[in-house]
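*Asks:* These are the residues of each chain, in order.
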Amino acid sequence: MSDPRNILEVEHLCQYFTTGSRGKRMTVRAVDDVSFSVRAAETFGLVGESGCGKTTTGRTIIRLYDPTSGTVRFDGREISGKMNRELSAYLAKNMAMIFQDPIESLNPRMTIEEIIGEGLMLRGMSRSEVHQAVIDMLHKVGLTEEHATRYPHEFSGGQRQRIGIARAMILKPRLIIADEPVSALDVSIQAQVINLLNDLQSEMGLTILFIAHNLSVVKYFSDRIGVMYYGKMVEIAPSRELYEHPLHPYTRALLSAIPQPNPLTERHRQRIDYIPERDHDYSKERPEMREVTPDHFVYCSSSEFRRFQSELGIS
Amino acid sequence: MSEQSSLSQPSNGQECVLSVRDLSVSFRAYGGIVRAVRGVSFDLHRGETLAIVGESGSGKSVSIKSVMGILPSNASVDGGEILYDGMDLTKVDEAKMHEIRGHRIGLIFQDPLSALNPIMRVGKQIMEVLEKRGIGRKEARERALSLMQDVGIPEAEKRIDQYPFQFSGGMRQRIVIAIALAGDPEILICDEPTTALDVTVQAKILELINQIKEKRHLSVLFITHDLGVVAQMADRIAVMYAGRIVETGTSEEIFFDPRHPYTWALLSSMPDLETYERLETIPGTPPNMIYPPKGDAFAARNRYALKIDFEREPPMFRITDTHMAATWLLHPKAPHMEMPVSLAHRIDRMKEAAKHV
Amino acid sequence: MTVYDRNDLPEELLNLPDSEFEKAENDCSTDERFKTEPIGFYQDALRRLFHNRLSVISLCAILIIIVLSVAVPNMTGYGYTQQNVKQKNLPSKMPGLEQLGIFDGTRILTNIKKSSINDPKRYPEGCVLEILREYKAGRQEVVDVKVDYYRYCGVPEGEYHWMGTDYLGRDIMTRLFKGTRISLLIAALSVLTNLIIGIIYGSIAGYYGGRVDMFLTHLAEVLDGLPYIVVTILFMLWLGSGMLSIVLALTVTGWIGTARLTRAQFYRYKHREYVLAARTLGVPDRKLIFRHILPNTVGPLITRAMIAVPGAIFSESFLAYIGLGIKPPEPSIGILLSEGQKMLLQYPNQTFFPALLISIQMIAFNMLSNGLRDAMDPSRRGED
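Protein chains in written order, with this note's numbering: chain G, 1 to 315; chain E, 1 to 357; chain P, 1 to 384.
There could be a bad hint or two in this list.
Stated by the list, open to error - Partner residues are not named here, just some residues of chain E that face chain G (Cβ under 8 Å, in silico):
#: 1; residue: Ser56
#: 2; residue: Ala95
#: 3; residue: Glu192
#: 4; residue: Thr195
#: 5; residue: Asp198
#: 6; residue: Gln202
#: 7; residue: Ala231
Don't read these hints as lab results, they were simulated from the structure. Note that the structure is predicted; figures quoted are calculated from it, not measured. For glycine and all other residues, C-beta sits at the position ideal for the given N, C-alpha and C.
All chains, full assembly: derive it from the sequences and hints.
*Replies:* This is how it looks when you write it as structure tokens:
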């Protein structure tokens, strides 16, 4: 998978968490052998339902967790190895994260200027330089200089999320990991934040790993989409292709479940259930990631693979 | 022009089971009085689903809480009435209200976990409602079992003696629905029942509510902010903003012929699976309801605002027998304004899609 | 609610001026401006603290007691160790109030030979104010009299002991406020050391978690098991009785509660998204602890420290009361109480004043810490 277009390559990433004491130890496979790659300046959407491991994947890439196994390469450099000061600085310089909860993700004891400018201060910039950079950034996200001295609790959800975006963007990272950046916001505010992310992306040439459970938003925002189910990546495809030709039964179920704002079609919509035991027979064949059509990968067995190909009219 | 015409008259010969008139609710809060609901009127007809749509702070939840008589202690009903079965629920005492809540009106909350007693077996929680109605223990258990089967809980026999934490989110919501149904209500109020659930689970719960509604001839009052969910559930829709209903109509009218700029903005601000163009946004944030703005509360965020919007609150204009909107754009003197182009496109697309069903 | 037909509008609506229906110039591109001044967390907390009447009263009471404990021992004109065996166990006498018949330095003496009243050597001129009762005990004629005890003991006119004197004739008010000063000092010192040790210990355990946490928590549990009276006695033996050994005794186990609280707060905050966000920016551990996590735990910690102050005062008094306090003749509230208690029935004033003062202190500190807890509750930010 060494495509020169790739900026981020994730290979066989596993993240297990153990819980319980020595007596009965439980291992939760939050991320289980996940591989995908993200191309420079594209938006890669990661969708799945709660507990599918999409957030864990994002957090492991940016090293909030130490991966159990597997490798992650950013711009050709391995970033999944042992943590040290140099790697930490490299990560902080190249990646940033936007969080879900606009209330939780800002320190209530710090002013907006302190919050946004913290990353710059750490890099040894002078106070006045930081101040100027913060003001510029505030303007970019639609806030004003007046807001710099305020504390987070005075802002509305959408404004706070824009502050979170400013904090991530001010270091001019090359990769942004956006973890459900709009799902805690009101409908009318979501569009503001999505548009802002879109503008900033085209302006700064960013690569975005967009994590969300809302498939309509991911579809709208992403170039390619990876679908996760219980720690596994089950399908990766360009977003339009995924929507027009979903192959994995889980993807189909997910697509059929999205409520569409159209009363006429919605009342007659057929929902599809996904029941792994019924939909797959992996007793004889082992499933793996296979490329059904160029750029369209599905986690399937070889017989499923042939079936998918014939469905798409390829033999 | 008669004062109450279409509001109390059943629009198409349907019987009205619940009628809210000019309801106003406010909260005492630090910093002042929050005018959460400012004169809301709607009717719920027998056998229909009425969806109330709005963002957080629009007053949709507060309206419903006043119907259920479960307003927090710092809230007060300032005016209006809630007519149900010949009673005004704003004036009914707590004991009577309790009886109504248990039997006649069922309630489903957003968070199933907090609606259930964590240390009580789920079967017991369903039976409790049944026993209150004077049903014997043994029969109550039988009925609880069949209710659990009705709401689609597999292996009900086994699961009736389990505790809430042993159920997944979707299954918990099914238990909550079973408890609501145990009182054999005629009205079911759903306050964002699927917001906390995953999409695939949400789809199933919505389907279940629709099934139950058909089977038991319930009238459903459905609160949500998700227009996709509304499209699936609602017969009629009321759109709320800043404590008022700004537009109401049948589902088709609201989705295919919206008239209020806020409805336009709401419909065009979320991408659907076929959106590629830039999203329309509603600028700014909703007004602080401690100081409700003069004129139309939406005016400051409204790209189509007229001068009068900043002066005077628009009255409800009738568009059809069922369709009404509170915007000055409907006044004969108002200039003609088209809805956003992207929304017009989307509506065309939706109509096109509907042909293929 | 009225619904209007568009083709059938009332005159009033139909005749609205045309100009009203022009499109408004509506610039909705900017966010709403703030109407209020920016306010920091501590400012906000203080503002809310001062809105709470009980907290303000408590704070005033505490400040007054502190001022008194500094000023009073130098103002009474008596030294706190100054004895006068002739003027022992004097009742309280306060200028002004004496006119009202309370705190007037009188005492009722019972069972006195009637003949001795007229003996000017025993009962100086004018000291007998009133004969309350005359009766016979056996063959003796005895009386109950109300005497001006100050004159009876030969205290010069114009000399006042506001709270009376103790069994060695020392002025109780001087000793009480001197004792309060010592008690407050001990409390402040022990709470401060407890806070410092507890915060550092708890921060390390809470932030790093895992094995470090397990080791530190178990160690604290072992220390917590030590009976602190025994520890105090050991310190007394080692360092002699005095302020240092009491502070140490109160510290040995006192910090554990603070450490537990800090650790719990760290567990609560270290997975918050803003802490994660700071980590992704490359903020070092030290800054994460002191800038991002600790400031958010300040509320409960300050509240706890405030509650610990009356606890420490009380512990110190308790130790003094059972004889493990600071060395006599140094006073402390506990010593005054234990001395007063021996003569509670004859001279209740010797117990009353120390008991009153310690009660006021404890109530005031508790009230203030309640007020602080509410004021610093982050969920109530921005409220009045």
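*Asks:* For each hint, tell me whether it holds in the structure or not.
*Replies:* Okay, the hints, checked on the actual structure:
no., hint, in the structure
1, Ser56, "holds, 6 Å"
2, Ala95, "violated, 38 Å"
3, Glu192, "violated, 13 Å"
4, Thr195, "violated, 10 Å"
5, Asp198, "holds, 4 Å"
6, Gln202, "holds, 7 Å"
7, Ala231, "holds, 4 Å"
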